[in-house]
Amino acid sequence: MKSFFRMTYPYILWIAVFIVAPMVMILLYALTRTGNSTLTFQFTLENFARFFSDATFMRVLLTSLRIALLTTVFCLLIGYPAAFFISRLSERRQTMMVLLLTLPMWINMLLKTYAWRGILLNFDLASEFKVFIGMVYDFLPYMIIQIHTSIAKMDGNLLTAAYDLGANKWKTFLKVILPLSVPGIISGITLVFLPAVSSFVIPKLLGGGDYVLIGNLIEIYFLTAGDWNFGSAISLIMALIIIASMWLTRKLDRNAQEE
Amino acid sequence: MERKKSRWSFLSNGYLVLVLLFIYLPIFYVVLFSFNESKSLTNFTGFSLRWYENMFNDETMLQSIYTTVLTAVIATVVSTVVGTVAAIGLSKAKPLVRNLILEVNNLPVMNPDIVTAIGLMLLFISTKVQLSLTTLILAHISFCIPYVILTVMPKLRQLDDNVAEAALDLGATPVQALVKVILPQIYPAIFSGALIAFSMSFDDFVISFFTAGVGINNISMYVYSMKRYNPSVNALSTLIVVVVTLILIAANVIPRIKDKKTKKEED
Amino acid sequence: MKKLLSVLLVLCLLAPAAVLADDVLNVYNWGEYIDKQVLTNFQKEYGVKVNYSLFSSNEEMYTKLLSNASYDVIIPSDYMIERLIKENKLQPLDKGIVTDLDSLVDGVKNLPYDPDNTYSAPYLWQSVGILYDSTKIDPAVVEEKGWDIFLDSEYSGHAYMYDSERDAFMVAFKALGYSANTENADEIEAAYNWLREMDKAIHPSYVTDEVIDAMINGEKWLALVYSGDAAYIISENEDMAYCAPKQGTNVAVDAMVIPANASNPELANKFIAYILQPENSAMISEEVGYASPNADVLAELSGPGGAYEGNSAYVPRTGYEKDELFHDNETLKKQLSELWIKVKLHE
Chain A
11 MKSFFRMTYP YILWIAVFIV APMVMILLYA LTRTGNSTLT FQFTLENFAR FFSDATFMRV
71 LLTSLRIALL TTVFCLLIGY PAAFFISRLS ERRQTMMVLL LTLPMWINML LKTYAWRGIL
131 LNFDLASEFK VFIGMVYDFL PYMIIQIHTS IAKMDGNLLT AAYDLGANKW KTFLKVILPL
191 SVPGIISGIT LVFLPAVSSF VIPKLLGGGD YVLIGNLIEI YFLTAGDWNF GSAISLIMAL
251 IIIASMWLTR KLDRNAQEE
Chain B
29 MERKKSRWSF LSNGYLVLVL LFIYLPIFYV VLFSFNESKS LTNFTGFSLR WYENMFNDET
89 MLQSIYTTVL TAVIATVVST VVGTVAAIGL SKAKPLVRNL ILEVNNLPVM NPDIVTAIGL
149 MLLFISTKVQ LSLTTLILAH ISFCIPYVIL TVMPKLRQLD DNVAEAALDL GATPVQALVK
209 VILPQIYPAI FSGALIAFSM SFDDFVISFF TAGVGINNIS MYVYSMKRYN PSVNALSTLI
269 VVVVTLILIA ANVIPRIKDK KTKKEED
Chain C
193 MKKLLSVLLV LCLLAPAAVL ADDVLNVYNW GEYIDKQVLT NFQKEYGVKV NYSLFSSNEE
253 MYTKLLSNAS YDVIIPSDYM IERLIKENKL QPLDKGIVTD LDSLVDGVKN LPYDPDNTYS
313 APYLWQSVGI LYDSTKIDPA VVEEKGWDIF LDSEYSGHAY MYDSERDAFM VAFKALGYSA
373 NTENADEIEA AYNWLREMDK AIHPSYVTDE VIDAMINGEK WLALVYSGDA AYIISENEDM
433 AYCAPKQGTN VAVDAMVIPA NASNPELANK FIAYILQPEN SAMISEEVGY ASPNADVLAE
493 LSGPGGAYEG NSAYVPRTGY EKDELFHDNE TLKKQLSELW IKVKLHE
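Residue numbers (this note's numbering), protein chains in the order written: chain A, 11 to 269; chain B, 29 to 295; chain C, 193 to 539.
Bound-form chain A, shown alone (with noise of 0.2 Å):
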């Protein structure tokens, strides 16, 4: 079987310089100062004393986990009775929704939320609440399909199993199917929060410039204030906080599953 790994040689070199190296230069510029070469370092923590020590950037952290969260749980409210009303109906009309819920996927994001700003031009809301719809939007279709995937897998003779024993339609859902479909819940929630907490487009077109989450803050301290320094700390903060919310679920989803 040695044979076989051998065939993974190029990608582990592909990895060390296409995701490893760039991860270390972030790291880099986050842990320097402004101005200096790459030849003379100047190792500093102040880029991370300066996030944590300001009251404005905790703010923007905190808003952006909050609309994350909000969005999250909007999209599992929305999207739950979606996928469990599409496993109820036939094989065909399933492909069928499916194929409906995928198409929107494949248009330009950004062409998307320019649409809805058109749309939302015509009410007065606050930037909060558009941006709310504008991400609730975005990441539905993807929550939907995958609770629908982990539902549509289930064998049919359980939930016969279940009637038989006895249970009612309401047993049934809440002891074999919710539990069932939790590996879906999960990986919806993680394919709509992760995206949700750095996104920094739809805020932009739909929130106005008041509305900033750290999506924004690295776009603006790497594009408008030019401190490439400050923007590669936050960056690392902010994937930092993704990848620990990651091992979180993905711990909790082992859980899950063993019980």
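To be clear, the hints were calculated from the coordinates, so they are not data collected in a lab. Check the hints yourself; a few may be wrong.
To be verified - When the alpha-carbon atoms are kept at most 20 Å apart in a straight line, the in silico SDA-like pairs for lysine to any residue are as follows:
1) A:Lys-261 to B:Leu-124
2) C:Lys-534 to C:Ala-382
3) C:Lys-438 to C:Glu-516
4) C:Lys-236 to B:Gln-91
5) B:Lys-156 to C:Ala-452
6) B:Lys-67 to B:Tyr-57
7) B:Lys-120 to B:Leu-196
8) A:Lys-179 to A:Ile-161
9) B:Lys-208 to A:Arg-16
10) C:Lys-236 to C:Met-475
11) B:Lys-67 to A:Asn-132
12) C:Lys-534 to C:Ser-356
13) B:Lys-120 to A:Asn-132
14) B:Lys-156 to A:Ala-26
Said to hold, decoys possible - Selected chain B positions facing chain A (Cβ under 8 Å, derived; list incomplete):
15) Ser-40
16) Val-45
17) Tyr-52
18) Tyr-57
19) Asn-82
20) Phe-84
21) Pro-136
22) Asn-139
23) Leu-150
24) Met-228
25) Asp-231
26) Ser-248
27) Val-261
Stated by the list, open to error - What follows is a list of derived Cβ distance ranges for each label pair:
28) B:Phe-50 to A:Lys-163: 24 to 34 Å
29) A:Lys-163 to B:Leu-198: 27 to 37 Å
30) B:Phe-50 to A:Arg-260: 25 to 35 Å
All of these numbers come straight from a predicted model, not from anything done at the bench. Beta carbons are placed, not taken as given, at the ideal position from N, Cα and C, and that holds for glycine.
Given the structure of chain A, go ahead and fit chains B and C onto it with the hints provided.
Just chains B and C now, with coordinates in the frame of chain A:
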């Protein structure tokens, strides 16, 4: 009981229709306003085809479509090949090595796009690699591969190892074992991995924005840099909607027709 | 499989090279900031291909340049040109080819950022001012109050503020009687407080280019805008009027420059000369609403029968002593952008 059931299905179908309406609302909106006579995004003043005409006369816009498609096609092909080969190799690796590599592989999937983008940009800039179409494509390949691996890997784990071993025992070379035994079994997973890669690349803005070079704009970058809203963009979206619909219909109808044919032949 | 892979890799390495084989001019400009017909005509006349890329801020453009990207013509703003000259990133124009500079308006040539126009030729120019709905606000009030109108809670919920730290701080600096380029800590603090007061008083929407469509639709009464956008808005909605406040404002010039590492400098000079020709400058200026640097074109477009006849925003004010250009100052910009985030977040 019967009545209860029909009321139930009426409610659930109604709910699904509402969800679909929500998802298609901006798409209907874009299609409608692509035929608008005026520049307005809020008032439909009359029917016209001027934005379509504008689009086909706008070289920068056409160029951006070309760049988007070219990048997506190359990134999909390369990442599918590299990702599949790597996944097969990994599936035969020791669990410790495999998990370590998969952990690193997951980084771009978990990492916010903007972090991946900035990392790649810093890498190119500090190694004095000129940003260009090549760097754009390399960046796309590198964020597409993990998705291919993630889709192909689970399917590989379901495979019976003994089949490949049997093939080797019977004198097949590893390449033969790969092509004749393993690939046919994981073909659907490879296909869906390629689809995901294509749509990720086709839709990407953030990573392209930070890694593309001189004169290289994809559709997203074009839309983002508009100083004033150019309604030709609506025409462009409509065009994409039509093409994607046709492709998806074809992808779903052709296999079904084939199925029917083979069934008939079997009969 | 490997063969296929290597063929593909070679293909993508060759792709950019194939483009370079032709006579190609790489132009890097703001989005929606040209009449496309001018590009088409240039390509036909010179038998070349123009590779046209877009940026949405000077800083974005600068980031791209840092990556050694090789453009032939870039069109940044004044203060950014100042930085590029300082950092030796530009090459002098060939004055044998670019000859039309004498016919330009006094206000846009030989400016401090490039005293003899050695490196840059003006493309379009503008000032910053107040766009207002004259059916809702009396012009006399706007003239009278100038920038201080943004502190008047009477207009609460009816105003747009442009989301750019330097423009917003310029308004505050000028309202307080300071220089737009001040580095004085007390003055910066005072301006910061002025902007926070503004945020509380009128609760503006912070926007960038959306302001154009929104004001054409008459969504709000008051907006901070660039004169070029104002001219365009007024040409679409006659209720709107423009005022350059008497406290002074920022005048900005976007000019064409050739980077030191341009691969086709000769063609770049020809392109710049072509854009400077009155008929081409007129086409561009008419399409986007920003002022042409050419005196005859300005007179023609704002004169009888011109596209911007009677348009108060089209010709920016010149020769007014309180008007200023921005100077390049990276530290100031960083400082202002951090304060600006706080203003927007209502701290």
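Tested hints:
1. A:Lys-261 to B:Leu-124: Holds, at about 18 Å.
2. C:Lys-534 to C:Ala-382: holds, 14 Å
3. C:Lys-438 to C:Glu-516: Holds, at about 13 Å.
4. C:Lys-236 to B:Gln-91: holds, 18 Å
5. B:Lys-156 to C:Ala-452: holds, 16 Å
6. B:Lys-67 to B:Tyr-57: It holds: about 14 Å lies between the C-alpha atoms, which stays within 20 Å.
7. B:Lys-120 to B:Leu-196: holds, 14 Å
8. A:Lys-179 to A:Ile-161: holds, 15 Å
9. B:Lys-208 to A:Arg-16: holds, 19 Å
10. C:Lys-236 to C:Met-475: Given pair Lys-236 of chain C, Met-475 of chain C holds - Cα atoms ~17 Å apart, limit 20 Å.
11. B:Lys-67 to A:Asn-132: Holds, because 16 Å separates the two Cα atoms, which is no more than 20 Å.
12. C:Lys-534 to C:Ser-356: The given pair, whose Cα atoms are some 13 Å apart, holds under the 20 Å limit.
13. B:Lys-120 to A:Asn-132: Judged against 20 Å, a Cα distance of about 57 Å means the pair is violated.
14. B:Lys-156 to A:Ala-26: holds, 18 Å
15. Ser-40: Since the shortest Cβ distance to chain A is 4 Å, the answer is holds.
16. Val-45: Violated, because the Cβ-Cβ distance from Val-45 of chain B to chain A comes to roughly 10 Å (cut-off 8 Å).
17. Tyr-52: With Cβ-Cβ at 7 Å, under 8 Å, it holds.
18. Tyr-57: holds, 5 Å
19. Asn-82: With Cβ-Cβ at 16 Å, over 8 Å, it is violated.
20. Phe-84: For Phe-84 of chain B, the interface hint is violated, since the closest Cβ of chain A sits about 18 Å away, which is over 8 Å.
21. Pro-136: Since the shortest Cβ distance to chain A is 6 Å, the answer is holds.
22. Asn-139: holds, 5 Å
23. Leu-150: holds, 4 Å
24. Met-228: Since chain A brings no Cβ nearer than about 10 Å to Met-228 of chain B, farther than 8 Å, the hint is violated.
25. Asp-231: holds, 6 Å
26. Ser-248: holds, 5 Å
27. Val-261: holds, 7 Å
28. B:Phe-50 to A:Lys-163: 24 to 34 Å: Distance hint for Phe-50 of chain B, Lys-163 of chain A holds at roughly 26 Å.
29. A:Lys-163 to B:Leu-198: 27 to 37 Å: holds, 34 Å
30. B:Phe-50 to A:Arg-260: 25 to 35 Å: holds, 30 Å
When held up to the earlier numbered hints, the structure conflicts with 13, 16, 19, 20, 24 and fits the remainder.
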